[in-house]
Amino acid sequence: MDRIFVVGDIHGCYDELLELIDKIAFDEHDLLISVGDIVDRGNKSLEVYHFFRDLPNAEIIMGNHERKHLNGVLSYAQEIVKLQFKNEYPEFIDWLKDKKYYFEIDDVIIVHAALEHDKKLEDQMIAFCAAQLQEKSICRLN
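Mind the numbering: the sequence shown is residues 44 to 185 in our numbering, read in order.
Each hint can be trusted.
Computed list of lysine to aspartate or glutamate pairs in EDC-like fashion (alpha-carbon distance at most 20 Å, straight line): (1) 125 <-> 90; (2) 87 <-> 122; (3) 143 <-> 52; (4) 143 <-> 102; (5) 87 <-> 134; (6) 66 <-> 90; (7) 87 <-> 62.
Here are the in silico distance ranges between beta carbons for each label pair: (8) 152 <-> 68: 21 to 31 Å; (9) 130 <-> 150: 38 to 48 Å; (10) 44 <-> 119: 37 to 47 Å; (11) 99 <-> 140: 11 to 21 Å; (12) 143 <-> 90: 15 to 25 Å; (13) 143 <-> 46: 20 to 30 Å; (14) 150 <-> 115: 36 to 46 Å; (15) 97 <-> 68: 16 to 26 Å; (16) 150 <-> 122: 37 to 47 Å.
Hints listed in this document are in silico derivations from the structure and should not be mistaken for laboratory results. We treat Cβ as the ideally placed atom computed from N, Cα and C, and that holds for glycine.
Whole structure, please, built from the sequences with the hints as guidance.
What follows is the structure, encoded as structure tokens:
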């Protein structure tokens, strides 16, 4: 990879994502890393999902919004996304199942949130406390 770009919390803002990709002149020799939260809030979550699903030089880290969908903890924003995705929603859920909570490059560990700096990565536990207090789950990183 020639260049590595890290972007976070896209939240369904597809047009803005494309504008960013255009401004940085992103190409097939670059790597795009999303730190999660690619869906919810914006009105083009499906398009953002398609973009990352179909981009071979991209890595997506699990964010708390993806985790809500995976756990079936659906508040208003998640219910809207489920409606937008229609019959693609089960495919989206399957796609999320293999997403990691971190990505390593050289001397950098990229996470969405809650990295415990004083513990070995393989020993860490991440506590995800979503905006909705009813969803609290602890997940192994790997």
